[in-house]
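Asker: Take a look at the letters that make up each chain.
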Amino acid sequence: MRANDEAVIIGAGTSPYRRRPPDRTTYQVLFDAVTAALRDADLTLADVDGFAVSSYSLAPDHAVDFAWQLGSSPRWLMEDRLGGVNGVTMIRQAIRAVEAGDASVIVVVAGDHLEPRDFARLADTYTRPVRDHLASLPHGGFNTAFAMLTQRHMAEHGLTRTDYGQLVVAQRRWAAGNPAAAYRDPLSLQQYLDAELIADPLSRLDCVPVVTGADAVVVTTRNRATSSPAVRVRTQTTTFNYDNQEGSGLSTGLRAAAPAFWDAAGIGPRDADVLSIYDDYPAMVLVQLQDLGYIPDGDVARFVKEDVVARPLALNTSGGQLCAGQAGAAAGMHGPVEIVQQLRGRAGARQVPGAGLGLVAGYGSFIYRHASCSGAMVMEVAP
Amino acid sequence: MSTAPSIEVCTSCAAAVFPPRLVCWHCHATSWRRQETPTARVEETTVLRYRIGAAGAPLPVAIATVLTDAGPRIVVRIEGPAEPGDVVTLEETATGIAAHRRP
Numbered sequence: 001m002r003a004n005d006e007a008v009i010i011g012a013g014t015s016p017y018r019r020r021p022p023d024r025t026t027y028q029v030l031f032d033a034v035t036a037a038l039r040d041a042d043l044t045l046a047d048v049d050g051f052a053v054s055s056y057s058l059a060p061d062h063a064v065d066f067a068w069q070l071g072s073s074p075r076w077l078m079e080d081r082l083g084g085v086n087g088v089t090m091i092r093q094a095i096r097a098v099e100a101g102d103a104s105v106i107v108v109v110a111g112d113h114l115e116p117r118d119f120a121r122l123a124d125t126y127t128r129p130v131r132d133h134l135a136s137l138p139h140g141g142f143n144t145a146f147a148m149l150t151q152r153h154m155a156e157h158g159l160t161r162t163d164y165g166q167l168v169v170a171q172r173r174w175a176a177g178n179p180a181a182a183y184r185d186p187l188s189l190q191q192y193l194d195a196e197l198i199a200d201p202l203s204r205l206d207c208v209p210v211v212t213g214a215d216a217v218v219v220t221t222r223n224r225a226t227s228s229p230a231v232r233v234r235t236q237t238t239t240f241n242y243d244n245q246e247g248s249g250l251s252t253g254l255r256a257a258a259p260a261f262w263d264a265a266g267i268g269p270r271d272a273d274v275l276s277i278y279d280d281y282p283a284m285v286l287v288q289l290q291d292l293g294y295i296p297d298g299d300v301a302r303f304v305k306e307d308v309v310a311r312p313l314a315l316n317t318s319g320g321q322l323c324a325g326q327a328g329a330a331a332g333m334h335g336p337v338e339i340v341q342q343l344r345g346r347a348g349a350r351q352v353p354g355a356g357l358g359l360v361a362g363y364g365s366f367i368y369r370h371a372s373c374s375g376a377m378v379m380e381v382a383p
Numbered sequence: 001m002s003t004a005p006s007i008e009v010c011t012s013c014a015a016a017v018f019p020p021r022l023v024c025w026h027c028h029a030t031s032w033r034r035q036e037t038p039t040a041r042v043e044e045t046t047v048l049r050y051r052i053g054a055a056g057a058p059l060p061v062a063i064a065t066v067l068t069d070a071g072p073r074i075v076v077r078i079e080g081p082a083e084p085g086d087v088v089t090l091e092e093t094a095t096g097i098a099a100h101r102r103p
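So the protein sequences, as listed, match chains V and A.
Quick note on numbering: the first sequence equals residues 1 to 383 in the working numbering.
Quick note on numbering: the second sequence equals residues 1 to 103 in the working numbering.
Among the hints, erroneous ones may be present.
[As the list claims (entries may be wrong)] Label pairs and their in silico Cβ distance ranges:
id, chain 1, residue 1, chain 2, residue 2, range
1, V, Gly298, A, Pro38, 36 to 46 Å
2, A, Cys27, V, Arg131, 22 to 32 Å
3, A, Ala29, V, Ser188, 50 to 60 Å
4, V, Arg19, A, Ala4, 37 to 47 Å
5, A, Thr11, V, Pro383, 25 to 35 Å
6, V, Pro21, A, Ala29, 43 to 53 Å
7, V, Arg234, A, Ala55, 16 to 26 Å
8, A, Glu43, V, Asn241, 18 to 28 Å
9, A, Trp25, V, Arg117, 19 to 29 Å
10, A, Ala4, V, Pro296, 16 to 26 Å
Simulated from the structure, these hints should not be mistaken for laboratory data.
Nothing here was measured: the structure is a model prediction, and the numbers come from that model.
All C-beta atoms in this analysis are idealised placements derived from N, C-alpha and C, irrespective of residue type, glycine included.
With the rest of the complex left out, here is chain A:
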């Protein structure tokens, strides 16, 4: 069973943020609840083809900015084909948040 990533929602004003931070930028409250965000829509994608100082790293890797259903834009690794506009399923992995195009 894969785990959906979570974003933080301000319990005072409902602003949704990622990555987590201490104080809400919108209302300055400090209380958050976690909310899972299983899906998102792809906004931009790029393919990383070279990394300085990382010889032997598995490349290329597709990276995307996605707009989560919960609100925040997050940066993820795309696994399998996905284009801007596609709806993707998000999964928390040992190497960050991965996204797969929804069948």
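Just chain V, with the same shape it has in the complex:
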């Protein structure tokens, strides 16, 4: 492949995350993110000949209905239902399609507008095991499962709520610099510890807030790149159904994938300048970071204190979903969009100076006791 045919990301945009915004619809927030990403790429809807879309609340519509709503007649279209890993999977597919010549400009978009009752219905019918064996208990929209996973994590590593609280407080400090985040006010550790419990030991501040919003990126070939700097995916990996739901959930598919992933990236964990690690619950951030090799001594409490609180790691600089919010299927695109904005120097008050290499980790698709899909990407400013 000639360098000019290489696929790159040249724009990113969001429909800012909001708690119960008036008069928003799924199509509006998806379109807002598409428009913002195209503006960032200095392109228009007329330039787009491919879409990848993921949205739970699009139903009963599908990707082609999305194209119809936008008055677009693309030659490449896909829909993804892999949850928190959909950023890695859709961007990978878009890169392949552009490099194969199946499309020239693809917008990858994910987002949702879910009313509380819509979210409850989605959470109770998410999979057959959930619908048939958990919903009627009830299970509280995955919160009970991750409450028990968090208890296992605390027991295995000798952690307290304070350790998770320090992570959440650190992310809230980053959120202050993100105008698209739903929760930006400063948060103290005491406020974290005093928050009302949802499912012991998880409080309101440990469970991603349900918000309305969307995230998008634009993928095209380098020779068409209208906006710079371009961002390329240096390497990526995905794993699905890594443990048949037989394990504790205290590791993900990333643990086995990590050595080959870092080899392919040609860097080590500490070389990434900025990290977006999927954060539906604080424990899962630490589980993935451990899988990816960030906690080689296994001392998770020390890691939180020295690497997160003291901030040598630029971790979840958008505030993460725990502060920015979780806009349904946007969950998997939240990390990639933040990393693209950081690498393009467009992250405003939260910009990590000189960020040249970024890491994304995604985790999603709950089956019965924990989620089943993992993915990671190293992204870089295209040389």
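Please build the complex by placing chain A on the supplied structure of chain V, with the hints as guidance.
Answerer: Quick look at chain A alone, frame taken from chain V:
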């Protein structure tokens, strides 16, 4: 007479699973027999105190992960007091699998 829940046992390799699935993850066979699992040991418990979009739902509800005598870990509703380590009796109900501490 209450009904004990059932798990699935692979007729080829005896792997026990819950929830049911098509193919055995261990040996890839596709034939299962059902086995009742009347008792289990509690591993973790949590209390669900709030549910989004479910105003008026009866809360709090105690939920547990239990290790069944038949093998699989399953998620159940605890009725009455039960702590990690307790042995519980399992019962299939109209609202999922419930567990009661064994007297």
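Asker: Now tell me if each hint is right for this structure.
Answerer: Hint check results:
1. Between Gly298/V and Pro38/A the Cβ separation comes to about 39 Å, which falls inside the hinted range of 36 to 46 Å.
2. Separated by about 28 Å at the C-beta atoms, Cys27/A and Arg131/V satisfy the suggested range of 22 to 32 Å.
3. Checked against the hint of 50 to 60 Å, the C-beta distance between Ala29/A and Ser188/V comes to roughly 56 Å, which is consistent with it.
4. Separation of Arg19/V from Ala4/A is about 44 Å and conforms to the stated range, judged on CB atoms against 37 to 47 Å.
5. A C-beta distance of roughly 57 Å is found between Thr11/A and Pro383/V, which places it outside the suggested range of 25 to 35 Å.
6. One distance hint, 43 to 53 Å for the beta-carbon pair Pro21/V and Ala29/A, holds here, with the actual separation near 51 Å.
7. A beta carbon spacing of about 48 Å between Arg234/V and Ala55/A contradicts the range 16 to 26 Å that was offered as a hint.
8. At roughly 22 Å, the beta-carbon separation of Glu43/A and Asn241/V lies within the given 18 to 28 Å, and the hint holds.
9. Judged by the Cβ atoms, the range 19 to 29 Å given for Trp25/A and Arg117/V is violated: they are separated by roughly 35 Å.
10. Range check, Ala4/A to Pro296/V: Cβ separation about 46 Å, and the 16 to 26 Å hint is violated.
Hint violations for this structure: numbers 5, 7, 9 and 10, all remaining hints satisfied.
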